[in-house]
Amino acid sequence: MSADFLYTLEVILNGLMAGVMYSLVALGFVLIFKASGIFNYAQGVMALFAAMTLVGLQSGQIPFAHLINAIFGTDLHHFGWQMPALLAIILTVGVMVLFAIIVEKYILHHLVNQEPIILFMATIGLAYFMEGFGDIMWGSEIKTMDVGIPSGGSFWLEEVTMTWAAEGERYWGMYIDKLDVVATLVALVLVISLTLFSQYTKTGRALRAVADDHQAALSVGISLRTIWVIVWSIAGFVALVAGIMWGSKSGVQFSLSLIALKALPVLMLGGFTSIPGAIIGGLIIGVGEKLFEFAIGSVYLGGATENWFAYVLALVFLVFRPQGLFGEKIIERV
Amino acid sequence: MSTQNNGQNDKKVMLDLKNISLSFGGVKAITDISFNIYEGEVRAIIGPNGAGKSSMLNVINGFYHPQEGEIWFNGEQRKGMKPYEIAYQGIARTFQNIALFKGMSVLDNLMTGRFTHMNKNLFYQAMWKGPAEQEEIANREFVEHIIDFLEIQSIRKTPVGRLPYGLQKRVELGRALAAQPKLLLLDEPMAGMNVEEKEDMCRFILDVNDTFGTTIALIEHDMGVVMDISDRVVVLDYGRKIGDGEPNEVRNDQTVIDAYLGVSH
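Just so you know, the protein sequences line up as chains W and Y, in that order.
Counted the way this note's numbering counts, the first sequence spans residues 1 to 334.
Counted the way this note's numbering counts, the second sequence spans residues 1 to 265.
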């Protein structure tokens, strides 16, 4: 095999795995949008908040330490224990469920039957509130996340692939981050279990029912409030998974919340209402931007095309297929 | 023959509405309406457009909360219940403009109708194997009976959004029946149907009443149908009750005739 071919293959593989990371965030958006028609701007901040909470719990940070110290003149910072990763994850899931209950009770419940734009504004408010609240609770410094996911390049793969190149070519093997592989597997399991759950269980059917028709759902005995809490809890869980993956990759810091913006083009491609769409959309964006950068961007445009390529691709898609790849086709009878 | 006027009232009252008034802002939708529904009967609610029939149905199933009046269901007074809680009490309904879960198959729609009969919690559902699966199978069996009953075997797996109007109406009836309701509310079950479809629907409604003993309250515009299938009829006009009784009495009532024929007031 020629080295060029192997390079391209490597770019595509890395693109696919970067795409999975985008999909993880997009998934959270789709879940909430399907069930309640709300575009949850806070999804990215939820990922950041979940990641901060996980790191905080794991390293035994005292919540609101800065605030307490400022008021009482104490010098608290850590409990002094190290929590096992699994326990910390379970507790964080609990925190995200609590968060879902609070959001339903104090925000959504008061905005029933409001225009989508008002709900959207509410989630913007929620996003900024959570950002500040997270900072006060856990501090704003950059933290490292370590829940035991292997990271760094796979030497094994590099050694194996090095021998694939044709005789005499300069090729140093394929670089694949182990973390990306884990993220891909996790995303796969997550999507399959979510799909099975929504297809074959009573609550799954209720979720789909609420997405289709609120009144009819009420009339068969489904409580909208319960369903919204469940949906926001699942979205919180997905945010935690995204937070763990992104946090392990690039540290737990403010910029984590901005990955939400990267999910937008994914949603435009995949459609706001389709779970498989979120996955495929993510993959297309991931591969697209990596390939474009590799083949065109770095050669003719001076690089750094990854920042805008996804949005341009989404724009092109919007023009030709507004409902996205898998979104429900919008047909209006006149 | 009239059972309610001669005082020999041996039938059990299932739903009793007393002096119900409902208004939206300043607009009165229902003014001081009282009537009851006996267990096991087919009770029709008729009246010209805008008479308050659908509002009445929405009051019964809890979508609207009347400002005044009492609602008694099976001997218990209802106080501030949510629609989904009323579904748990055994009241199911269909809608005037079909409200099915359009993206879901016929089977899934009917299974969702079984919601109030499935109580295994989220944990069991997530495990899937075991109790949740058994519950799923038992309820699926019941739903298959409904499918046979309504003769919709061949469209079991079809997403309901793709079905023709008449069949959608039938599936919606099926979803309500799946709940094994004590009281079934039908909002214009035959609207927009052709003669053949209407006959089918009439047959199903009477069969449901006969075989399952389900009490039915229905709104319908087709007078022929109403007179044929209902035991008692209540007539509304401009949010007030103007007639109540067996089809024959109501048919010959001058006020009712006036309201329907549009005699100048």
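No lab work stands behind these hints: they were computed from the structure.
Any given hint could be a false lead.
Stated by the list, open to error - Restricting the straight-line Cα-Cα distance to at most 25 Å, the calculated cross-link-like pairs of lysine to any residue (SDA-like) are:
#, chain 1, residue 1, chain 2, residue 2
1, Y, 82, W, 192
2, W, 178, W, 192
3, Y, 120, W, 225
Hint check:
1. 82(Y) <-> 192(W): Cα-Cα ~34 Å, so violated.
2. 178(W) <-> 192(W): holds (21 Å)
3. 120(Y) <-> 225(W): holds (19 Å)
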